[in-house]
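Enquirer: Protein chains in written order, with the working numbering: chain A, 1 to 186; chain B, 1 to 186; chain C, 1 to 186.
A portion of the hints provided could be inaccurate.
Stated by the list, open to error - Listed next, the in silico DSS-like pairs over lysine-lysine satisfying Cα-Cα at most 25 Å (straight line):
1) K14/C - K138/B
2) K183/C - K31/C
3) K133/B - K26/A
4) K31/B - K31/C
By construction, these hints were calculated from the structure, which means they are not laboratory data.
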Amino acid sequence: MEVSDGNDWQALAKRIQRLEDIEAIKRVKYKYFRCFDTANVAEIADVFTEDVVLTVVGGVYKFELSGRDNYLAMVRDGAHAEMVTQHNGHHPEIDLEDDRTARGLWYLSDYVQEFRRKQHIMGSAFYRDTYVKERDGKWRIQRSEFERVWEISETIVEMPNVTFSYLATHGHRLPPGDVAQFKRDD
Amino acid sequence: MEVSDGNDWQALAKRIQRLEDIEAIKRVKYKYFRCFDTANVAEIADVFTEDVVLTVVGGVYKFELSGRDNYLAMVRDGAHAEMVTQHNGHHPEIDLEDDRTARGLWYLSDYVQEFRRKQHIMGSAFYRDTYVKERDGKWRIQRSEFERVWEISETIVEMPNVTFSYLATHGHRLPPGDVAQFKRDD
Amino acid sequence: MEVSDGNDWQALAKRIQRLEDIEAIKRVKYKYFRCFDTANVAEIADVFTEDVVLTVVGGVYKFELSGRDNYLAMVRDGAHAEMVTQHNGHHPEIDLEDDRTARGLWYLSDYVQEFRRKQHIMGSAFYRDTYVKERDGKWRIQRSEFERVWEISETIVEMPNVTFSYLATHGHRLPPGDVAQFKRDD
Numbered sequence: 001m002e003v004s005d006g007n008d009w010q011a012l013a014k015r016i017q018r019l020e021d022i023e024a025i026k027r028v029k030y031k032y033f034r035c036f037d038t039a040n041v042a043e044i045a046d047v048f049t050e051d052v053v054l055t056v057v058g059g060v061y062k063f064e065l066s067g068r069d070n071y072l073a074m075v076r077d078g079a080h081a082e083m084v085t086q087h088n089g090h091h092p093e094i095d096l097e098d099d100r101t102a103r104g105l106w107y108l109s110d111y112v113q114e115f116r117r118k119q120h121i122m123g124s125a126f127y128r129d130t131y132v133k134e135r136d137g138k139w140r141i142q143r144s145e146f147e148r149v150w151e152i153s154e155t156i157v158e159m160p161n162v163t164f165s166y167l168a169t170h171g172h173r174l175p176p177g178d179v180a181q182f183k184r185d186d
Numbered sequence: 001m002e003v004s005d006g007n008d009w010q011a012l013a014k015r016i017q018r019l020e021d022i023e024a025i026k027r028v029k030y031k032y033f034r035c036f037d038t039a040n041v042a043e044i045a046d047v048f049t050e051d052v053v054l055t056v057v058g059g060v061y062k063f064e065l066s067g068r069d070n071y072l073a074m075v076r077d078g079a080h081a082e083m084v085t086q087h088n089g090h091h092p093e094i095d096l097e098d099d100r101t102a103r104g105l106w107y108l109s110d111y112v113q114e115f116r117r118k119q120h121i122m123g124s125a126f127y128r129d130t131y132v133k134e135r136d137g138k139w140r141i142q143r144s145e146f147e148r149v150w151e152i153s154e155t156i157v158e159m160p161n162v163t164f165s166y167l168a169t170h171g172h173r174l175p176p177g178d179v180a181q182f183k184r185d186d
Numbered sequence: 001m002e003v004s005d006g007n008d009w010q011a012l013a014k015r016i017q018r019l020e021d022i023e024a025i026k027r028v029k030y031k032y033f034r035c036f037d038t039a040n041v042a043e044i045a046d047v048f049t050e051d052v053v054l055t056v057v058g059g060v061y062k063f064e065l066s067g068r069d070n071y072l073a074m075v076r077d078g079a080h081a082e083m084v085t086q087h088n089g090h091h092p093e094i095d096l097e098d099d100r101t102a103r104g105l106w107y108l109s110d111y112v113q114e115f116r117r118k119q120h121i122m123g124s125a126f127y128r129d130t131y132v133k134e135r136d137g138k139w140r141i142q143r144s145e146f147e148r149v150w151e152i153s154e155t156i157v158e159m160p161n162v163t164f165s166y167l168a169t170h171g172h173r174l175p176p177g178d179v180a181q182f183k184r185d186d
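Extracted from the complex, chain A is given alone in its bound form (with noise of 0.2 Å):
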């Protein structure tokens, strides 16, 4: 009979709980698009830490936020009651650096109609992201670079038909009165 030595062991070890790191990085960016896209902002705070950092270049989407109080902010108002919004995150390429810090590169398709704008937006970006593990042993977002490989912007001339919308209920409320379609500032 062989004996495993406490070597090898530590090595299996190391190796389950990095696939095991990766599984987890991989759900909170998962839960960060499923609450985006439902404007579920009580659930998506637990996927940032207090100092996140935001870049988003490229297209008409184009700023930096920092905090999470500040994403938050963004998230509401990001998904509110007259649109519909999809983002799907593709294609993890999770890196550990170490047993408490990740990158990830994400492909990302994004589709968004906004009615009270009037403006369709589609496209596809990456993200680059930093995860940490803090103390309480959880995977979060403390940096995200959003970086765009192609968009469309159209005007909405025809309203679609629209014949279920989550956010219809469940999304911010805009105040009344024209809202400036995004455009590019560069």
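With chain A fixed as given, assemble chains B and C onto it according to the hints.
Expert: Just chains B and C now, kept in the frame of chain A:
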């Protein structure tokens, strides 16, 4: 030389089993979508328990069905020869409840063009599934709840230029005559 | 105290290796799509074996090519500066055949607007791949079979409002002149 004790050993094996189960459950759903969109009734049968229940709420599809045979009939009618259909399940959030039961949450993207019905439906939804590992060691879908996030349904005025359709040769042949559009009835 | 015997130990290590291999193979394909859509010929080279074979059947694309150099030429020409392109691989069904060979089945969603050709193509397909782990320990694509599920090809009558295009600055420059649309030749 350190030696791992029995408890540690069992714990490692259990963690590996959990990762394997998660991968196996994802594949059940992948097979489901692949077979649905290609009208592969023979192969899809294996992803359901005999007592499977499906509930669909929100938007133009709205029904509940029970039992594998009824599900298979729905697959056959739902993917017929005069349509193109695409269902992609993203963001799998799989939680094992015990060795033989698991829950899964999926973010669906769906795109359907029904040429006989002259109806184009697209949107997104969540699937909340229950999976069980049956006596043969295979995970199967026991319960599936489909809940709409958004849906747009348009009448097809001009036939698109379909340059390939697998279903045209492999899908169920509709009997002659007009087919009514799906409509919300709530 | 129980002690795990050598057979158990090997079995656990093998199960971990299988999970790691599956994750590594997924990442090969993720890198493939990311590099294809950004015309990253330098980085994509590493995902192919030198004798890679690609077959494409069904719809307007129809060809077979052999060898990494020919594949790289196709990537360069296939993602040029006057287009937007998006290929997302969903639902990976990866099966290891032995330590160095694996098969993969993917559900592709593709969306292309070719502005010089004035052609908009969208659809879905299956990829059936063979992967081999080469001497440097890296998995690579040795064979890839693309089979259409559905495809719609429309002539672009009015240019969409492209608000960002990574390929416009990073893609291959087409020589001047008209470019013929892709057409089914079967």
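Enquirer: Determine for every hint whether it applies to the structure shown.
Expert: Taking the hints in turn, this is what the structure says about them:
Between K14/C and K138/B, the direct Cα distance comes to roughly 20 Å. Compliance with the 25 Å bound is thereby established for this hinted pair. This hinted pair does not check out: K183/C and K31/C have alpha carbons roughly 29 Å apart, beyond 25 Å. Restraint check: the Cα-Cα separation between K133/B and K26/A comes to about 24 Å, which is no more than 25 Å; the hinted pair holds. Distance restraint check for K31/B and K31/C: the Cα-Cα separation of roughly 23 Å lies within the 25 Å cut-off, and the hinted pair is therefore satisfied.
Of the numbered hints given earlier, the model fails hint 2 alone.
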